[in-house]
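Novice: Sequences listed follow chains A and B, in order.
Residue 5 in the working numbering sits at position 5 of the first sequence, with consecutive numbering throughout.
Residue 50 in the working numbering sits at position 50 of the second sequence, with consecutive numbering throughout.
These are computed hints drawn from the structure, not numbers from a lab.
We treat Cβ as the ideally placed atom computed from N, Cα and C, and that holds for glycine.
Keep in mind that a hint or two might mislead.
[Stated by the list, open to error] Derived CB-CB ranges, DEER-like:
1) B:29 to A:299: 29 to 37 Å
2) B:254 to A:211: 21 to 29 Å
3) A:513 to B:26: 36 to 44 Å
4) B:144 to A:81: 51 to 59 Å
5) A:164 to B:255: 46 to 54 Å
6) A:78 to B:211: 44 to 52 Å
7) A:35 to B:201: 43 to 51 Å
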Amino acid sequence: MIELAAHEERLALFAEGIAGRYFHIKPSGDFAGRAFSLAADQSALTSDTLFLPEHLDGPDPTAYRVLALQQLGHREFGSFTFDFAMALTRVPGLTDHEVPTLSGRASDFERFYHQFALPALISRLLHLCERVRVDALLVRRYPGIRRHLRRFRAHLLERQPPAAVDSLNGAVHALRCRALGADSAALTTLDATGLLAPALAVLDDLDQAPGDVYASAAAAARLYAQLSPLADATAPGEILLLDEELAEPGNWLQREARLTDWRDELAALDASLAVEQLHGDDVSAADSDGLTDGQMRPDDLALKAMQDDRDTLARRIDMERSAIRDALGADTPDARSFRYDEWDYQQRRYLPRWCRLFESRLAPDPEADLAKLQAVIRTHRPGVQKPLEQIRPLGYQRVFRQADGDELDFNAVIAARQDVRAGQSPDDRVYSRRDRIHRDVCAAFLVDLSASTDDAVDGEAGEGERRIIDVQREAMLVMSAALEQLGDSYGVYGFSGYGRDCVDFFVAKEPAEPFRPGTLAAIAGMKPKRSTRMGPAIRHAVGKLQASGNALRVLLIISDGFPQDCDYGPDRGDHEYGVQDTARALREAHDKGVETFCITVDRSGHDYLKRMCPESRYLVIEEVEDLPAQLSKVYEALTA
Amino acid sequence: MKPSGTPSGNQPSERQGSAQLRDEPYYLPLADEIDVFEAAYDARLPVLLKGPTGCGKTRFVEHMTWRLYRKRAASEVEFPLVTISCHEDLTATDMVGRFLLRGDDTVWSDGPLTRAVRTGAICYLDEIVEARKDTTVLIHSLTDHRRLLAIDKTGELLSAHPNFLLVISYNPGYQSVLKDLKPSTRQRFVSLTFDYPDVAREAEIIGHESGVDAAMAERLAVIGEKVRNLSQHGFEEGVSTRLLIYTGELIGRGIEPRRAAEIAVVHAVSDDAMVQQAIADIVDTVLP
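If we strip away everything but chain A, and leave its shape as in the complex, we get (with noise of 0.2 Å):
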């Protein structure tokens, strides 16, 4: 068996590159939408996942590339655009029988199936030739892919071989080995119902020649033409209880590729009632004349009967969102996920890439008042930039006797004058330069921004009254003004989270960006949220100053509280499990010569942080206030 996790990180690298988005990746088995389950061995692909089997029984891990493929080949060659109208003039035979039973958001896909006396058959067949279609044009577009697929489809035939074809079953199994490279002629001569060569013969021509997502329902509707007077003979409640896994995340995939189109019409729409109204306010009052009271010109009902279908639509729109959202689970399209181990004291060894950890950009506060940051800033300013002021700044000094330089160094020149008139070999570094003198420092403030962060200053809570998520904020925003004054590179994130399947890492700035005005309403949109899961939040960041380059790197943690989460140990209420993976993390990250520094305004915060850290790493401050201030100093010491 090959497990997803050792995967996981080099297939959303590979997903990203082939589609050209990020999709998170996640087992099947945590698929979290109501409307149907994922089977684990099954795959899918949402708006914003791609989940695939956690275990795979395939010949060596590139089964799993096979099957990202496969779900990505879904989206690229359009399996989900399926629309029924068009089907009715590309599925030859096709016609449109009005299905009362079925619902007026039905799928594209449903009401294309319940055309049929038996569309659990349809719907089975039209799966298999999109399996077929597919993987022919993925061969075509990605062609060193065909000797992996070879690979996993022989290894799937061979835990299904061939069987006896003498029911309906019998000949969708005989198409499926089919579909997975099994031979034809060896095929047929299994078939006892003498219907399988023809069928055979179509998937043939599909593979051949692939096309769209009609001629898959087309070749479909040929096979069941060809299969259905098998039908009679086989239990149809098998048919359809085989049917159901295959066919709702297509059906629910199609709608959310169908909610593209309805956005497409509601802007046309929208542009086109933003037209007509400029038209109707260009005709002259006198256009009204003739008309009794209470009655409206025919532009006007015209313009009113579009703007009642515009709004049918939005509610529509709305609504349907709502039931995808409901069925495939909540998406967060802007998010990355990492997957981080974590260490189990208590077992010795880490969990291997135990949390999942979303990264997302921190939504800047619309209400956030930029007059108001920058009062904040310019008060604290003077106590945050005296310590700051201590480090050296950028600049150019002249260095002398170099081999290349913009000037010549006349006391070098005489030199080598002299050394040429005593018969001596002169030296040739006879110039002076300006050497840039820069601090390549990376700094990352790590603000924790959990529930309790809501509290009060003084610990009474009160309308008005400062809270520690007041403090942490406005030192962000001083420590930020002042850092870019002094030109180092810096980041500033907040974390939180619930539960080891969602810590939450907030960017409000990376260290690459420059300081704008947004940045200031980011910082200002760090809100309380709910837990304080410090470990991979520290691996997170970590990674990120590493990357930077930078050769001096800084991670400053800013939290009010001990780590704790509510799986963050077998017991909730022993917080020694997140302190140690805590203290587990800060080594890691000084391993990777990262420098650590851990500030808490938890006046009880010696107690856990010098089990966290070295003495000379922590910091416990009594007077909350005094955040922006000692940060500062804290800084100027780590980084001078």
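Once you've looked at the hints, dock chain B against the given chain A.
Specialist: Just chain B, lined up with the frame of chain A:
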């Protein structure tokens, strides 16, 4: 002290070997850039080329120089293109010139910019933002109506030759924010933006430059397209057309295609082992 045109060993790197440009350098136009550059040259408007590394900016300048100085025969200058690859230690002195010790004498040696200004060549400052700030200020007087170069060490105020044109390039994508071009410099140039060509045109370029057949050229172009999707993972430059051409050249010399791509693409664009593996997977999937 006397002026001298002799190049110095300490001067910045100049690609003079090919700068005579007797033969037409291959260039596949992507839009109207040839017409725009010709019009800019005729009006002697300085040109700024923006775009990622290896997308063809330098080749474009070479091609345009050939068109203007050889095809049109506008000038018989021996080296019509002076290219200066800028780096963070490049100073104004390196570009303008310096005094050298020769025997008991101190002699002046023109830098490449001064030579281009005197002879009426095109001076191409590649990756200008890499150079120190004093170099960008130096070019200001050359890029407005004055067309003057002040050489403060010799006291000379040099008027540019009528054929002289300044062209600069930079890549706004990967440069640090601290290395952005100042507006006072940027607004002295007309700006042409370059990007990697689409798959079909990149395949044509790869095929022409490396000699691989059309099918392999298209495969390499698809690799380029897919690998660029990963460019934010530590290699903001993406994979350049140049590297894809190198891959084609290695294949043309008998190296197995996957191995050639491994050498020229996978290991060249990133040092991150995971990213390398993912790129290798893409290469393995795209190549037949």
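Novice: Each of the hints needs a verdict: does it hold here or not?
Specialist: Hints and how they fare:
no. : hint                       : verdict
1   : B:29 to A:299: 29 to 37 Å  : violated, 49 Å
2   : B:254 to A:211: 21 to 29 Å : violated, 38 Å
3   : A:513 to B:26: 36 to 44 Å  : holds, 39 Å
4   : B:144 to A:81: 51 to 59 Å  : holds, 55 Å
5   : A:164 to B:255: 46 to 54 Å : holds, 50 Å
6   : A:78 to B:211: 44 to 52 Å  : violated, 36 Å
7   : A:35 to B:201: 43 to 51 Å  : holds, 45 Å
Hints 1, 2, 6, counting from the list given before, are not met by this structure.
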